[in-house]
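Visitor: Chain by chain, the residues run as shown.
2 protein chains.
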Amino acid sequence: MSNWYSDKENKNCVTVSTRIRLARNLSDLAFPSQMTNEAREELKLRMKSAIKQNNSPLIKSLKYIDMADVPENEINAMVERHVISPEFARTNTGKAIILSDDESISIMVGEEDHIRIQVILAGLCLEKAYKTAQELDSILNEKLSFAFDPKLGYLTECPTNLGTGLRASVMMHLPLLESTGQLKQIGDSVGKIGFTVRGIYGEGSKAKSSLYQISNQITLGLSEENAIKNLSQIVEQIIEKERKAEGYIEKIVLEDKILRAKGVLENCRLLTSEEMMNLLSLINLGIRLGIINSEYETIKLLIEAGPYMLMKKYGTSTPEERDIKRAEYVREQFEAYRKA
Amino acid sequence: MSNWYSDKENKNCVTVSTRIRLARNLSDLAFPSQMTNEAREELKLRMKSAIKQNNSPLIKSLKYIDMADVPENEINAMVERHVISPEFARTNTGKAIILSDDESISIMVGEEDHIRIQVILAGLCLEKAYKTAQELDSILNEKLSFAFDPKLGYLTECPTNLGTGLRASVMMHLPLLESTGQLKQIGDSVGKIGFTVRGIYGEGSKAKSSLYQISNQITLGLSEENAIKNLSQIVEQIIEKERKAEGYIEKIVLEDKILRAKGVLENCRLLTSEEMMNLLSLINLGIRLGIINSEYETIKLLIEAGPYMLMKKYGTSTPEERDIKRAEYVREQFEAYRKA
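Chains as they are written, first to last, in the working numbering: chain P, 1 to 340; chain A, 341 to 680.
Bound-form chain P, shown alone (with noise of 0.2 Å):
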């Protein structure tokens, strides 16, 4: 099984990777907070029989997991692969997630709302996720109803979702707009026309990577296909200044850097997640700028050799175990890229 962001095809340096998520609430059950464990059971059974018996082979393809049946490691594991939010992974009572085999759907059962219906793809595809989003939207409402208000849209646990439910965000990979100090600004602008830039790994936390998130904020008064028409101009004018970046640094000095991050991961012997995050940013950079040739797969890596994803491969345990593993990992890929 490869997953979503495996895929070559889309592979793209500057915008990683693309999420749609739609935010649903049955009709005729209280809202997730007001629910009891017998709700909440309910829940799940309803979408487990909405799954079931669906013929469409979008739906098909999907698997359904009770979260109750999950490993504690594994569940964080599903968190460093983007498959559930860390909320999301909190408590695994009265949680259900549906998912497809590469991973790229994702149905959370039980989360801040009812459903979050998530579509990842790597590069970006903000239309193509979208249309899987809203078919599996569609198909799902033919079982259930929905929480819907002909004014104000569907109904949300937090009024922040209220409208469309929805929300889209390109992950983007901003290494020269961050050294040179002009993201922050950025920031303001795009803030002032409802949509966020944040740090990957939450709210207010420093990028690790440079890899930023870029979504909408507004969900009330828009149309998806606004939204997302929005969306995919401000990062194209994100990817022209990132790029625009590469001008303002010496040549030698980007190469400099980066080559010297591919030398310390191909001979490393202790590796923490967090400076394989830093070098891997540089990979990634090279790449771009055509110093790394393209077989290297830096978000792969990235979210593959993260510590939950590195105790289920090797089963260690301590810091400084995973550490070696980790670095005997990113060895072995780098060797195979490099013989690529």
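Rather than coming from a laboratory, the hints here were simulated on the basis of the structure. One thing to keep in mind: the hints can contain errors.
Partial list, computed: chain A residues near chain P (C-beta under 8 Å) [said to hold, decoys possible]:
1. V419
2. R421
3. L560
4. S563
5. I589
6. I592
7. D596
8. K602
9. G603
10. E606
11. R609
12. L610
13. E614
Where a beta carbon is used, it is the ideal one built from N, C-alpha and C, also for glycine.
Could you slot chain A onto chain P? The hints should help.
Guide: Just chain A now, kept in the frame of chain P:
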């Protein structure tokens, strides 16, 4: 022409090189601090003819060079190759150097004393180096009359050299005694018995590359043979302590540091002299520990990638250009070592 530091047979990772120096003055010329320009010219003439008139194979192999004929950059490059002292390089009038092809023999004419006979060899070869210095001393003494007092021995410009005029020193690579903080104590105890430990870039300088010079301080009231025997024993003890310190540091931590240094040296595009010294020091430790193969010529690189040696090779001049050329040169050498 291969230099003394390319001697692979005597290559040794803890005792890098051995140097013997004899200070001599002519009895019928004013001492250097009192010399007129005419006397300096007279001294050079006498040395030149002493060399020319002698038919021993040892002397026949030497060439006489008037320092006034040596360009400034080459003079500085000679300091980097340890052929002449930094003091000798300060001015070039009234000075000459007598050199062997591999530069293991250099006789400075017009240094602090009239004559400084130097023999420098790779590895630990105190007796061999002393034997050569002694032979040169005897041959020169046939033609020249050295200032000698039956009670005080050889008379020298500075009283610290009175007696034998001998300075015997061993350059040692002591990264583990340095990092475990044991060097100061060793310096204190050898100081009590007339020896010093100092960084190779001058007295009181912080050692770069963890290279230290161990040498005798006492030249009066002790025979040359005993001075050398004592130094030899001290060096053996320090080797043992440095080896013992291998057990104090976790193997994987050392491996990680050493192999990262290799990765950086194989890949960098900009390399300052100081960083190179630190990284080559780790490579030298790696050879000793069997982590890096013995083809890597750390001391050769350390010398040949010095600022003036690089200018001699590439003719470049700005520090940034040198950092680029240094990185290029080191990468090429590392590529060759890797394939060897």
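Visitor: Does each hint fit the structure? Answer for all of them.
Guide: Here is how each hint holds up against the structure:
At a threshold of 8 Å, the smallest CB-CB gap from V419 (chain A) to chain P is about 28 Å, leaving the interface hint violated. For the restraint placing R421 (chain A) at the interface with chain P, the shortest Cβ-Cβ distance is roughly 28 Å, beyond the 8 Å limit, so the hint is violated. Violation of the interface hint for L560 (chain A) is found here, the shortest Cβ-Cβ separation to chain P being roughly 52 Å, above the 8 Å cut-off. With a least beta-carbon distance of about 50 Å to chain P, the hint placing S563 (chain A) at the interface is violated under the 8 Å criterion.
For I589 (chain A), the interface hint is violated, the least distance from its beta-carbon to any beta-carbon of chain P being 13 Å, above 8 Å. A distance limit of 8 Å between C-beta atoms decides the matter here; for I592 (chain A) the minimum to chain P is near 5 Å, and the interface restraint holds. For D596 (chain A), the interface hint holds, the least distance from its beta-carbon to any beta-carbon of chain P being 4 Å, beneath 8 Å. With its C-beta approaching chain P no nearer than about 6 Å, K602 (chain A) sits inside the 8 Å limit, and its interface hint holds.
Interface hint status for G603 (chain A): upheld, as the beta-carbon distance to the closest one in chain P is roughly 3 Å, under 8 Å. For E606 (chain A), the suggested interface contact is upheld, since its CB lies about 6 Å from the closest CB of chain P, less than 8 Å. For R609 (chain A), the suggested interface contact is upheld, since its CB lies about 4 Å from the closest CB of chain P, less than 8 Å. Taken as an interface hint, L610 (chain A) checks out: its beta carbon lies about 4 Å from the nearest beta carbon of chain P, inside 8 Å.
Interface restraint check for E614 (chain A): the shortest CB-CB distance to chain P comes to about 15 Å, outside 8 Å, so the restraint is violated.
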